[in-house]
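Chemist: Letter by letter, the chains look like this.
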Amino acid sequence: MRWHESQPDPCQRIYFANHTSHLDALVLWSSLPRLVREVTRPVAAKDYWNKGPIRRYIADCFNAMLIDREEIKVHQSPVDVMIREIGLKYSLIVFPEGTRNHEEEMQDFKSGLYYLSKKRPDLELVPVYMDNLNRVLPRGEFLPVPLLSCITFGPPMWLEAKESKVDFLKRAREAVRRLKDL
Amino acid sequence: MTPNLLAHFEFAWLASTADATALLADWWEIVNPQMLRDQRTNILLGTVLGLLILAFFIGRVLKRQPESTANPAVVRTFNLRVRAWLLMCAMLIFGFVLGYSVTLVMFGLISFWALREFITMTPTRRGDHRALFWTFMLFTPLQYVLVAQGGNFYAIYTVMIPVYASLFIPARIAFAGDPKRFLERTAKIQAGLLICVYSLSHAPAILTLRLTDSAGKPWPQAAQTASPMGETEPMPTTPAATTPKAAADERTPQQLGSNAGVLFFFILLVQLNDVFQYGWGILLGKHVIAPEINASRTWEGLIGGCLCTVLVGVILCWVTPFRWDQAAVISLIVALMGYAGGMTMSAIKRDRGVKDFGSLVQGHAGVLDRIDSLCFAAPVFFHITRFFFTA
Chain A
0 MRWHESQPDP CQRIYFANHT SHLDALVLWS SLPRLVREVT RPVAAKDYWN KGPIRRYIAD
60 CFNAMLIDRE EIKVHQSPVD VMIREIGLKY SLIVFPEGTR NHEEEMQDFK SGLYYLSKKR
120 PDLELVPVYM DNLNRVLPRG EFLPVPLLSC ITFGPPMWLE AKESKVDFLK RAREAVRRLK
180 DL
Chain B
0 MTPNLLAHFE FAWLASTADA TALLADWWEI VNPQMLRDQR TNILLGTVLG LLILAFFIGR
60 VLKRQPESTA NPAVVRTFNL RVRAWLLMCA MLIFGFVLGY SVTLVMFGLI SFWALREFIT
120 MTPTRRGDHR ALFWTFMLFT PLQYVLVAQG GNFYAIYTVM IPVYASLFIP ARIAFAGDPK
180 RFLERTAKIQ AGLLICVYSL SHAPAILTLR LTDSAGKPWP QAAQTASPMG ETEPMPTTPA
240 ATTPKAAADE RTPQQLGSNA GVLFFFILLV QLNDVFQYGW GILLGKHVIA PEINASRTWE
300 GLIGGCLCTV LVGVILCWVT PFRWDQAAVI SLIVALMGYA GGMTMSAIKR DRGVKDFGSL
360 VQGHAGVLDR IDSLCFAAPV FFHITRFFFT A
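The listed protein sequences correspond, in order, to chains A and B.
Numbering-wise (numbering that gives the first Met the number 0), the first sequence opens with residue 0 and increments by one.
Numbering-wise (numbering that gives the first Met the number 0), the second sequence opens with residue 0 and increments by one.
Source of the hints: derived by calculation from the structure; they are not laboratory data.
It is possible that some hints are incorrect.
[What the hints assert, rightly or not] Cβ-Cβ distance ranges computed for the label pairs, FRET-style:
id : chain 1 : residue 1 : chain 2 : residue 2 : range
1  : B       : A190      : A       : K88       : 49 to 59 angstroms
2  : B       : S295      : A       : R119      : 53 to 63 angstroms
3  : A       : D67       : B       : P161      : 49 to 59 angstroms
4  : B       : F167      : A       : W2        : 33 to 43 angstroms
5  : B       : F167      : A       : K88       : 50 to 60 angstroms
6  : B       : A83       : A       : P154      : 32 to 42 angstroms
7  : B       : F167      : A       : I53       : 23 to 33 angstroms
8  : B       : S100      : A       : D46       : 47 to 57 angstroms
9  : A       : Q6        : B       : S295      : 30 to 40 angstroms
10 : A       : I53       : B       : S295      : 49 to 59 angstroms
11 : B       : I288      : A       : N131      : 29 to 39 angstroms
[Stated by the list, open to error] Stretches of chain B that chain A covers, calculated by requiring three or more beta carbons in the stretch to come under 8 angstroms of a beta carbon on chain A:
id : segment
12 : 111-121
13 : 125-132
Where a beta carbon is used, it is the ideal one built from N, C-alpha and C, also for glycine.
Produce the complete structure using the sequences and hints provided.
Modeler: Structure, rendered in structure tokens:
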């Protein structure tokens, strides 16, 4: 774990990372210092993590915010829910790729991150790159292989004034990808 | 009144701790017959530890010197090395004192970590996942469990990985259904398992051997004249003489050497060999063996290092069952194998484009960098010892 041009801080933030493994959210969350961890909530899919008592228990341990992917209503969109839930206290861990990918390359980011920061432009957006975790526990496996992995936190960024959605998402994706080569 | 009471408590406390210590000692003797109690190993371990601590403090002094007198990069390397050796030494002593199963577990953990580094560096594909899981979670511990069973299991632990794991891994990958670069992928996992686990497990396996000297006499003989009074006659069995302490001495006479000593001799030799090769390479090195592989490994370093290692081997042969000439030959072989190990791991690192295994992931020390020569020398040393120096 390393912090590159940024510091752990319990201020309100959104950590956005590449998504390659089930462990992503758990590892990211647990790699944060305790003080920061207490006010940080990973965003997870309700249809997956609400299934069965074990998953519910795990989600509870990590103080996860379960978001319904299927029933999206007006004024009840995931972004609205997230904004309401975090209030002025919590930080979030999101995976803007949407779902875990098979490929080495990162997929395009979904627009949620843009709307989040449009509604709350004061939040710091911290890019995070997680290396090797897809080898530890790839999609569809449940037995982990104990390889070494690395988490890199990058410098915080914000939505620029008048920045378009496409540009912003591209910039955010680039911010995560850049951390890979450090 | 109060001081009296205090004294009383103090006495009771002392007595109870003494009792506990005695109990603990008895327990260890039962659990663990191979406690570190032979003088020669103690002497060698103590000397090495002393020198390392001395080196540690020298390093700290050097660190504070101005840059003109001491090259900071060299000092840093020196300090890192000394710290790694101190750690290694402490772990060995810890293992020897707590006994043989602890030593084995420790080597097992080192293997596990080295294998992690090896596999992290070599790219694998999605289809290798299950095979990798079994490699880490089944074969690695199993090898050490089998080694711990001792000499009777030699026939099993010596073929378990080269035969059964080597057959299992390609089969498991084949079942995963990804044919791309199949042979290459299986070879990587097999090589990692062979070097990091199989080879290294031969080092602690030395502890399980029933050693003899080259004439076939059982080797760690109890010293007949080890009692401090210099008495050569057996103690008369009068009630006065059989104090508990004397009885304990009789039960476990001071030994001149032990398997732990042989293992320590071997590790010391390999580590010193690395230093000598490096030192001679810097002092005299001109003819680089393979510049593409490693630019600092030279013929001068190899030859000078081998000579020094042989010398040290001969000087230290009193901790082992080897005669001085036997020790010389064994040291030479160990030196050459250690060098071969370093070269091989360099080749793997160059192929993957990393400087050392420690730089793979920040903050993790490169265990594999420290033990590469150990891995290569361990099986040869084990087999020589087993073939010529066991009954």
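Chemist: Determine for every hint whether it applies to the structure shown.
Modeler: Evaluated hints:
no.	hint	in the structure
1	A190(B) with K88(A): 49 to 59 angstroms	holds, 51 angstroms
2	S295(B) with R119(A): 53 to 63 angstroms	holds, 55 angstroms
3	D67(A) with P161(B): 49 to 59 angstroms	holds, 54 angstroms
4	F167(B) with W2(A): 33 to 43 angstroms	holds, 41 angstroms
5	F167(B) with K88(A): 50 to 60 angstroms	holds, 52 angstroms
6	A83(B) with P154(A): 32 to 42 angstroms	holds, 34 angstroms
7	F167(B) with I53(A): 23 to 33 angstroms	holds, 31 angstroms
8	S100(B) with D46(A): 47 to 57 angstroms	holds, 48 angstroms
9	Q6(A) with S295(B): 30 to 40 angstroms	holds, 38 angstroms
10	I53(A) with S295(B): 49 to 59 angstroms	holds, 53 angstroms
11	I288(B) with N131(A): 29 to 39 angstroms	holds, 33 angstroms
12	111-121	holds (count 5)
13	125-132	holds (count 5)
The structure is consistent with each of the numbered hints, conforming to all of them.
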